[in-house]
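Following the hints, complete the assembly by docking chain B onto the known chain A.
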Amino acid sequence: MTVLLWGVPSEPPVAMVAGRLADLGADVLVVRPGGIGQQAEITFGADPEQRAAGSGPDHPPVTLAGTIRADGRLVELARITGAYLRPVEPELVPGLTGPAELGHAHRVQEILTGFTEAAPEINGCRVANRLSAMASNGSKPYQAQVIVRHGFSVPDTLVSTDPEEVLAFAARHEQVVYKSCSGVRSIVTAFDPVADRARLHRLRWCPVQFQERVAGPDVRVHVVGDRTFAAIVDSTAVDYRYARAQVGSDARLRAFRLDDDLAARCVALAAALDLPFAGIDLKLAPDQRVVCFEVNPSPGFSWYESAAGLPISDAVARWLLGC
Amino acid sequence: MLLVVCDLDDEGALWFARRAAQAGADCTIVITEALSYAPYFSHRLADGGVQTVVRLADGTRLADGEISGVLNRAVQPPASAWRLAAPAERDYATMELHACTLSWLHALPCQVRNRPEPDCLAGPLRHPFVTAAAAHAAGLPCPEIMFGTTGPLGAADTLLLAAARAAGPDAQAVHLVCLDGVVYGTEPPGPIAAGIAAFAVRMRAGAALLGVDFFAGVGGWWFAGASPLPDLRAGGDALCRRLLALLAPGEVAVT
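Residue numbers (the working numbering), protein chains in the order written: chain A, 2 to 324; chain B, 8 to 262.
Chain B on its own, in the form it takes in the complex:
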């Protein structure tokens, strides 16, 4: 079973799930809200390993050994069921459900893109300064960022704006999808593609899906940020095929 965990409005993930099903994969979409209402969650840990079984309200059973791969796009913990609870109880439950979801998805023995990290269920998400430093060290053109207590923008938006300015007037935003260090979809200039592979490693995302944003214009390509939740549609058929080969090996004929 290929498992896609995502929010209800994650059009990129749902696009991939449709493509996977069309290709013949046994693809199950689990909306994070459905996880919140799951009547059964069992997560066992011991020196010998981890075993998890989740049963959803519609009877779907998710057991470690029956999952061939996971496309994980969970942004928030599955805490919908607690939405109307008293704030203190809701906050506690949200933290608990984050802890459980992180441990479950992290422990799965199959391929997971992205495997969750403690500070982001969706995978590698670093502070914009760390991201910019990684881009810079990887040889990607990175603008100077000035950020202070008196400015109106946060760090991520400051980086975005600086990149737009550096790329010059009429610069276009370019969203690249990178899987395991390889760019799919829009083909960037050679040095940028090589830089992205090095960037993924420096982000400790050598085995991850990343969205890497640039502004491109008369001033060249300028790094504008990165996210563990790329728009998968930008990766096109080639990304679909690679993800299927990774997450549903042997289930579909990948050409």
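Isolated chain A (complex conformation):
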């Protein structure tokens, strides 16, 4: 069996998972974004042997066969039993500028996407995570609707183009933050009704998401299959990931034990979003609410692993290997 790592090998999450897979003796195929030196072909169709054996019509067997050449070797797709995805768009790969190079890179990307989308159902390949499943994070208000259905609170939220409505919303809450609705430019920023007032007319052309600022410590939960790894954050920053810029010192992390019910809800939420590997952002509010902000479908977990001592990469590697 071979595990496919689709991403930049030097990027910490990819490097950490690769390292743990190596520790476990796994065969790893690294596919770098950009398609350079890569070829792939894939065949989808009925399995001729099983069809001849006369399997029932309700579940006719199909196979996803073919090969991929990458990292200087040729691997049969049937050997790939796990895949960890952190790809980069070809347009963002340095030095990849010509139309032929870009076209080839997109072609490799389409084949790998097709394989990783279809393989879990067809041959049981473990994929963390399918690109289609990652799309839910492209709309945080949409994700919030799924989050509520899994028993979490969500912050009181207004997405609006109307300055007066935003000011009224801010007046109802002690503190308000704003952030993007999509996954782009997603930095949480404190809203100042006085200083920001002059800019509010810009909302007219694109609604912005405003939320009550929820007090209490942040907790990041990484879900890997049915396991959870949680870290609690010590920081006064509005967005603790940018604590140094916002409050002058880095956030401190330490491991945190979730109660069984909360852990189960996190696992169920990730599963509902078709995410075997997910990073869930929670706040433990003083009023006992467990407020969930979002589910990250491609968590850059390396900081949490090193700072809080959580064996996340080991869990991902073991999940990919099914052990």
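FYI, nobody ran anything at the bench for these hints, they're computed from the structure. In this text, all values refer to a predicted model and were calculated from it rather than measured experimentally. Just so it is clear, CB atoms sit at the ideal spot from N, CA and C, and this is done for glycine as well. Take every hint as true, because none was put in to throw you off.
Where chain B lies over chain A, by a calculated footprint (3+ residues, C-beta under 8 Å):
hint, stretch
1, 115 to 122
2, 130 to 137
3, 140 to 149
4, 175 to 188
Relative to chain A, chain B alone:
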């Protein structure tokens, strides 16, 4: 109010809207470009639920409780107003407007066909390999697909071409409209109709409008692809009646 959200050139959606109005439904067409220029969008979320009000430039008000059903054919986010902006700003705004539109249409308490999905505002759209696997598992004749880095075609076109070849010379393209697992318009052979119902379920599209494409010829019927944007005109009067019963219940007499 029956709401039809579509692009300006979506002839199938506009055909349905005309039929709905002729049948007496209170039908409002909202072109996605009009959403882009809407002066007011308010979308509130809390533990208790979601509430949205949109006001268009012509004064039309779209509020959750006043909408009986939605025919959603939005393909692109309503970002026309950003067309001439700097690329980085335009791309950001497009992502934001996608996020807002997805959340709004997904949250509506009424019937929506199709309810948008994160990777496609128009509804269930899967990778061609996933689509083919679903068709195969549902018992629809599905051709073998060979697809590689050296070939000229994308995955969807490769499937289409393979189906045409399998159906034999002079094969005809057949476009079927499927609403909630039922085929309207052209009547396919019995096993195909049964397979399409199972296919819709496997596509997680049991409550959705789907276009399901085949090539039919001397070699039989072969699955060629699926889309969340079928040509509604192919479904004819029967599809119109069913959609009206679903999206404008009580507004029109459906026979």
